Each structure stands twice: as structure tokens, then as C-alpha cells.
Amino acid sequence: MTQATEQTRSHDSDVRYRTVRNTAAVAAVFTAIFTALLVINLIGSGVVGPWRENRLAAMKLQVQKEPANQELVAQVRQLDLKIRRDRIWRLDFARKATFMLLGSVVVLLVAGGIAGKMKNELPRPQHQPDVGEMQMNEAKRARLAVVGALAVLVLGGLLVAMSGWVRFVQAEDSGPAFATAEEMRQQWPRFRGPGGAGISAYANIPTQWNGKTDEGILWKSKVPLPGRNSPVVWKDRIFLSGADPNNRQVYCFDATNGQLLWTCDVPTVPLPKDKELNIMEDTGYAPSTVATDGRRVYAIFPTGDVAGFDFHGRRLWHKNLGLPDNSYGYASSLETHEKLVLIQYDQGDGTEGKSRFIALDGQSGKVAWEAKRETPNSWTTPIVVDVAGQSQLITVAKPFVIAYNPATGAELWRAECVGGDVAPSAIHAGGLIIAIEPYSQVVAVKPTGQGNVTKTHVAWRMEDSGPDICSPASDGKYVYTLESGGLLLCCNVEDGKKLYEMDLKEECRASPGIVGGKLYLLDMKGIMHIVQIGPEYRETAKCELGEECFASPAFADGRIYLRGTEYLYCIGKAP
Amino acid sequence: MTRWARIILFTSTLLVPSLDAWGELRFPPPEFESGYQFPQTTTPAARPVVYEYIDAAVLLAALSLATYLILKRRSRRAVYVLMISALLYFGFWRDGCICPIGAIQNVTLTIFDSSYAIPITAGIFFALPLVFTLFVGRTFCGAVCPLGAIQDAVLIHPVAVPGWLESGLRLGAYTYLGAAVLFAAIGNAFVICRYDPFVGFFRLTGNWNVLIIGASLLLIGLFIGRPYCRFLCPYGVLLRHASRLSRWRVTITPNECIQCRLCEGVCPFGAIREPTGDWPRGEYKIAKRRLALFLLLLPVLVVAAGWGGYTLKERLARVHPRVRTAERVYLEETGKVEGTTDASNAFRATGRTSEELYQEATAIRERFALGGALLGGFLGLVAGGKLVTLSVRRRRTDYEADRASCFACGRCYQYCPKERERWKQGKEAVAGR
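Respectively, the protein sequence lines represent chains A and B.
Anchor point for the first sequence: position 481 equals 481 in the working numbering, and the numbering is continuous, going up by one each time.
Anchor point for the second sequence: position 347 equals 1347 in the working numbering, and the numbering is continuous, going up by one each time.
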């Protein structure tokens, strides 16, 4: 049955030639259409557009002459809108049509090229298969086409696979929603460490380093934005914040090598027209130290923006508490209690009812409780202390030391015993709350009362010292205060009796820390004065960082973290 | 001048009018407070239900009439008139909605979402053409479908698409069907409606990108008969398979094929199959081995494609608006993007926590794991099945319309001399009466 015949093949009878020729023809039609459309669009942009704009300019001049002519104003608005719409539409159209034109040209060139080549081939005698063979070849080509289509699908799948997607990194919420008290004691979770006492849980802290020669410096990393807040440490992560007038950021550094692991922006809301951000240069735009509950980290800024983040840098929530009315700029740091974020938000002069204490749920940012306060703007950081097995939240602001139940916000007691613009925070030492009235006195209050304890629970007052910025430190036996002019004073916890005073002769902004039996005093030049704890002054070492310092030191296992004006330093011995 | 220089010069010249496409939009801020008052949002009243029943009745009547005209009357002219009428009613008058193609999604959502109740008309529109096709072939495609009609109406110079190429291109329709079902079932997205290429013409307005796609299809449709119906229509896939089982169907000749070959190549949709020839010598054994190979390959393809679909779950899930919003909110909250979008602002206004949103998005992604695997497996099955069917040789002795591919448009009738003889006899009978 199979009977091959030899015959001459003409180009037009070749289905492949017809296919590419017709494809080229269709592409040519598309090319012509899109070219024409683009030319029309270009003419429209070049002729109609400028003509309308000239008309608009003339009408605007006319409006200046006839400001009361509302009809003309309406016409100007309409024409302005029309011009804007027209520009957007034409630009959008031009972009899309250009892509279509490019596609058409590519198809035209490829198909035209192939058709040209095929046409140039001389017709040659060809074997004419019979019907059965043709159908077999057709089926073969069809199978190849299916395989080709499958390959296209696979390619499409690969392209889809190459597109990005967002992995929702889960917060470290496994287990309890906050770290235990024991875990907190091992870390440096807030300004001045656990309980705000400035006491390290570790005794193996370096006593010798030199930032200028890099001796004892494990690493130093540049902090992107400035800030006078102190580092906070949780295991292998170090948190701090930075800001300028336009940006607020929270940083997480890797404690092992100083690498900046993540940076998170904190948004804000536009200021009301009648308000402006009034912040002293000494305060800066990021004075408040961040705090962590071991699962999340929280930050607050003088704009009233407070936010919570997980340890992977995911912002969990953000709130703007309203621009605080604060004469030098809001600077109180955050405290945490279990999963609550505690914010002392004192404002104004105390008579306008603006001040309040706010507790936010750390997981959601929702308000857990809120307490009104009759105190004016203050700069102290609240502390949560354990008094006979009960947690007390201690706040200091003129004229009160007030204790609250940190879980509910219920007031426990208050003592009217401090005045002035209070910035040093209180500490809990020797069973007493030690508070400071700047330029005036140190006051000790027994935290065991209820209601107003002014007349019954003030244990002692010591009027020889009154630091205006630095918070005190105590080992439970002695209390140390450091004035910003560098005057160090030591007194007994028990009765407030002054034991000695020593002028370091350096300006100081950082609060002192206690490690083992030593007192660490950092001056503004970055020199750490290490002093033996005791009734007499005895300096054991002096270490230089080589950079100006305002922030208080953070202590971890075998390490000190210091924040200079530009760099974050890790001081310790290489493992 | 070299060839490449000529090509570059030609392309560059053509692109001259598009130079302004790369301009930046820089508007000066308005110089006045507009005082514009946003108009109050109004919602048009719902269409009376009675019209939906009228639509269903019209569909039933049109299908019945189409069946009569195609199978009994065998009149292409009458079919064309009905097709244009359907285009005007279901297309331009009813704005292309509701249609059986989109109704696939309603039916899918009814199956997968217990909270969704399918409108009865959507159910009717989905089922009626399928039922008719099961009995009389694709009369819906030939005379009632507005999408088919608009393409049929612009077909002026049919160019044959090689049969082998059509086999490959047809995979597009299966992909579209699979994706549409998946996205309707899990993705909360009706992609068939969103990307309906012709609805913009019916409504005389629409998304610019979709209008371009529609215009391109119509331009291609000037030469290639019904490109959407043949290579993309997801409902066409269902009708193809239903039509294979049809009790009655289009026959080119009214009684007996005389093998005159006059109808050969006249179908613009490539639906006429010629009689098969004999096996070339030695081919039978090779064909048997090939068939066995493809049969073995079929489950491998299904599993491999299913696994491929599974791995794409996160990407496929992005079609779901909740997942897109979650991703956006996450990027905003981790500081990886600046600014907010309407969707992220709307989410925050709900007061829900982002954690809840992420959990919801993660759950949707997990549903897409199964959905993606099923979609991949389906496509693997289709491709493998096609390789198998293309390896099976069927016997045909006459020229006949392919049961699956024939749109029942009635074009081929006039080319059959037996049909002309029948007309002549009919006219004579009428004249003699």
C-alpha cells in the first residue's frame, strides 16, 4: 500500500512555512498598531499636554487678578485635574504599549527571519509519505508538543518558585510568656540590670582594658543612630536603641561577635500643628533604655512611641501614647513585670491630670492597667522589687515615692519626701527604698507601710548629697551616690551616716555598678574608675575606653558592655 | 550595514515614539485646598431575582434551539443568527455575567466552603450546558456561549493550527481549570472572572491589562479560530469530556460519507478527523512498547508534578488576599518595607493582632500544600494521559467531526455534497407542495 511518490514541494504547501509567515504577518499587524498608538500618544503628550498647561497657567494668572471669581477657580481645578489624569494615563499607556510593541517586534523579527530563511531554500524533491505514515508522524509531533507544553509548565513552576515569599518567624513564645525571676537575675534585662540595682550577678568581670590599644576589647560595633540609653543583655543578644529627629530604631547585636543582627524602625504619628518635639540636646532622641522580659524586647522614645519586638526583629505592636509634655524631653526607661511593660509617663506640672502610669500587655500592646498620678514630669525609671514575698512597683517623682501593685496598678503606699526635677531612679537596698532629691538629699523609706507613710516610714534623710542624674548603688551595707560633677559619696544603708566623699574630678552621667566587692564608676571621658567597696575610698584600677560615654554599663558573664557615643564595646577575655 | 545593525536600527526607530514612557511623574502639589467633598458611598439595588430565572429560561431555550438548529435543521446560517443573539443577550445585555465558565468557581466554592450557598442560577448555568453536551455535543459552544460567539464573529481569515501543536497548547486549558478550581476552593479568588478577557468589551469598560489580553485574543482570533475556547477555556475542558459521551452529535454528512474529501481542512478549529491509514511496517511493535512506557510513566508524572505543586504552596497561597496582607504586615513590622498599604491599614483598623493574622495565613498555606499537590498531580495526569492517548491508534473510515473538539458551529455542513443534495431535495419538496 505504501507507495512513495516524488514531487516538488512549493513553499506555500509547507505548513511550517505558512505558520511562521502568518505569525510574522500577525506580529507585523501588532507592531503597526502599537507603533501607531504610541505615535498618537506622543503627539497627544507633545501637543495637547503643553497646550492645556499653557491654558492653565493663563487661567491661574487670571485668578490672581480676579480672586473672587469662583467659576474661574472651579475651571482651574477641573483643568488641573484633567491634566494630571491625562499625564498619568498617557505615561501608563506608553509603558504598556512599549512592552507590547517590543514583544511584537521580537516575534516579527524571529518569525520573519525564519520565514525568510525557509523561502530562500530551494524547493527540492521530497519523499511524500502515505496517510498512515503522516498520521504517525503527526502523533509523534503531538507527543513532542505535549512534552514541550509540560516543559513550559515546569519552567513556569520554576519561575513561581523563584519568586519570594515571607516566612513568618515565630516569636519565642514557647513555654511561659515571660522569663522567670531566676532567669532575669542572670541577665541584664533593663536599665541598670535586674531590679534596677546596678548589681552584677557575676564576679568574673574584667578589671583591666584599654580601648585605645584594644587591650581587653573583644569587639566594638558602630551603632547606626545615636542615643544615650544603655545596653540590655539577654543571653547572646544585646539590645539598644538609637534615634534622630526623623528616625527611631531598635538594634539587636550578636554578643559573640558584635554583628548587628537586626534593626527595626519604630514609626510615629504626625505631630499636631500646634505642637513641636522639644528635646534638650543632653537628653537626645533616644534616652530611654529598652527592656526585655526574656521573650520580647520593648522600646520607648520621647515622641511617645512605644513598641514591642520579638527576638527576631519582628515588630509585634506599636503604640503612640501621645506627645509627652516634658520640659527636657521624656527619658524614663522601661521596666517589665512578668509579661507587663511598665511605663512611668509623668507629664506637665502635675496639676493638669496628664501624668499616669501605664502597664501594657507585652504580647499584644494592649493596656493592662493604668493609674492616674498627681506628679509633674519626671525622668526616673520605675523598679519592681520584692518586699516580703510581694512585688512592689516603686516610682519616684516630685513629691512622692509611690508603690503600686505591679499586677493591678493598685496603690500600696506613698511617702511625700522628694522634690525638684527628679532624674535618679530609686534602688532597693538593706530593706529600704533609697530615693534622691536632686541637689538636696538622699531619702530612705521603709516599704512596709500602707497608705500615706510620710510620717511613719521615712527611715532617714542624708542631706550631704543629691545627684541630679546618676542613680545610687548599694551592696546592702553601703550606699554610693555619684553627682554629675564627679563627687562620690558613701554612707551607711542602715542610718544614712556619711562615711566618705571623694571628688573624681570628672563629669559623670552613667550610674555606678557593683560587681563582687567592687564599684564601677564610668565618667564621661570613658574612664572606668574601679573602687573597692568599703567605708573608705580605695581605687583599684582605672581603665580607659577612648570614647565619650553617657550610658551606664551592662554586666554579663565575664563581660562588660559599654556604649560610647558612636560604638558599642564588649570588654572581656576571648574564650 | 550588517544584519544585526539593521535589526537594531529598525527596532530603535520603532521605539522612538515610546521615549516618553520612561519619564517620571513629577507633579507640583496642588496650589489650593481643593475642598473636595467625597460623595457618599451608595450601593446599587440588587437585581430582582426574577431576572435571574429569566436568564436561566433564556439559556434553556437557547440551548434547545441550538440543538434543533444544529442537529435537526443543520443550518449554519440559523446557528450564526442564534450565536449573535446569544452574544447580544448574554454578552452585551447581561454584561457577560453570569456564565457557565465562571460558574465553575461557584460550584467549587460550594463544595469546599460550607458557609457559601451557590445561587440557584449559577448552579443552573453550570449544569445545563453540561447536560445538553452529554446528549447532543457542544451546542452551547457553537451557538450560545458569548465568549465563543465574539471570537467566532471576528474570524475572517482562518489559518489552520497544526494538529500536533494544538495537542500541546490544549494543556493550557487544563492548567487554567486546575488553577481556577484550586484558587476558588482555597484561595478565595475567582480568577476566571477576574481575568475574563472579553467581559471588558461586553461592559465597555474594564481593567486595562485584561482589555489588552482580550484585544490580543480577538486580534489572534482574526486568523486562529476561537483561541480562548481551544487553548484556555476551563469549561471547555469539561465540555470536551462530556461531549465524548454524547448520545447524538454533529455529523458532517447527513447520511453516508462518500470520501469526496471536500470537507477536508474546512473546519477553522481543526476538528475534522480524516480516515486513518495503515500502520507503517514495523511500527506496531514500537507503538506497543511506547504505550507501555507511557503507561509506566503516568504515575511517575503524577507523583512528580504533585510534589512540585506541594513545594509551591507558599507561592500559590499568595493568591489569597489574607496571605498577601499578612506578608505585607509582617514586612512592615519587621522594617523591611516602608510605608503602609490600604490592606495593612484596614487590617490594623480591625484591632486584631498580627499574630492572629500570621496564624491564619499559615493555615491557608497548609491548605495550599494539599491543593498544590492535587493541582500538580492533576496536570501530571493530564500530560501523561495525553501521551498515552497519543500513543493509541484509532481506526476511522470516514471524515468525521471530532467528538471532543467539535464546537457544533455547523460550518462543515455546506461543504458536504450529500448535504447539498438534501437541501436541494428539501427545496424541491417545498416547491412541489
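Check each hint, because a few of them may be wrong.
DSS-like mimics (lysine-lysine), calculated; alpha carbons at most 30 Å apart, straight line [unchecked claim]:
1) K1336(B) x K140(A)
2) K366(A) x K1336(B)
3) K1336(B) x K319(A)
4) K398(A) x K366(A)
5) K1336(B) x K235(A)
6) K96(A) x K1336(B)
7) K1285(B) x K140(A)
8) K477(A) x K446(A)
9) K222(A) x K1336(B)
10) K542(A) x K497(A)
Covered stretches of chain A (in silico footprint by chain B; criterion: 3 or more residues with CB under 8 Å from a CB of chain B, positions within the stretch not fixed) [unchecked claim]:
11) 18-30
12) 336-343
Everything labelled a hint here was simulated from the structure, so no lab data went into it.
All values reported here derive from a predicted model rather than from experimental measurement.
For each residue, glycine too, the CB sits at the ideal point set by N, CA and C.
Cross-check of the supplied hints:
1. For a cut-off of 30 Å, the pair hint linking K1336(B) to K140(A) is broken: about 52 Å separates their Cα positions.
2. Only pairs whose Cα atoms come within 30 Å are accepted, and K366(A) paired with K1336(B) is accepted, the gap being roughly 24 Å.
3. Of the supplied pair hints, the one linking K1336(B) and K319(A) holds, its CA atoms being roughly 19 Å apart against a limit of 30 Å.
4. Between the alpha carbons of K398(A) and K366(A) the distance comes to roughly 28 Å, so the proposed pair stays at or under 30 Å and holds.
5. Straight-line distance between C-alpha atoms of K1336(B) and K235(A) comes to about 25 Å, which keeps the hinted pair within the 30 Å bound.
6. Our distance criterion of 30 Å between C-alpha atoms is met by K96(A) and K1336(B), whose separation comes to about 29 Å.
7. For the suggested pair K1285(B) and K140(A), the alpha carbons sit about 15 Å apart, so the restraint of at most 30 Å is met.
8. The straight-line distance between the Cα atoms of K477(A) and K446(A) is roughly 15 Å, inside the 30 Å bound, and the hint therefore holds.
9. Using a Cα cut-off of 30 Å, the hinted pair K222(A) and K1336(B) holds, with the two alpha carbons roughly 21 Å apart.
10. Restraint check: the Cα-Cα separation between K542(A) and K497(A) comes to about 28 Å, which is no more than 30 Å; the hinted pair holds.
11. Counting residues of the segment 18-30 of chain A whose C-beta sits closer than 8 Å to any C-beta of chain B gives 6, which meets the bar of three, so the coverage hint holds.
12. Using a Cβ-Cβ cut-off of 8 Å, 0 residues of the segment 336-343 of chain A lie near chain B, which falls short of the minimum of three, so the contact claim is violated.
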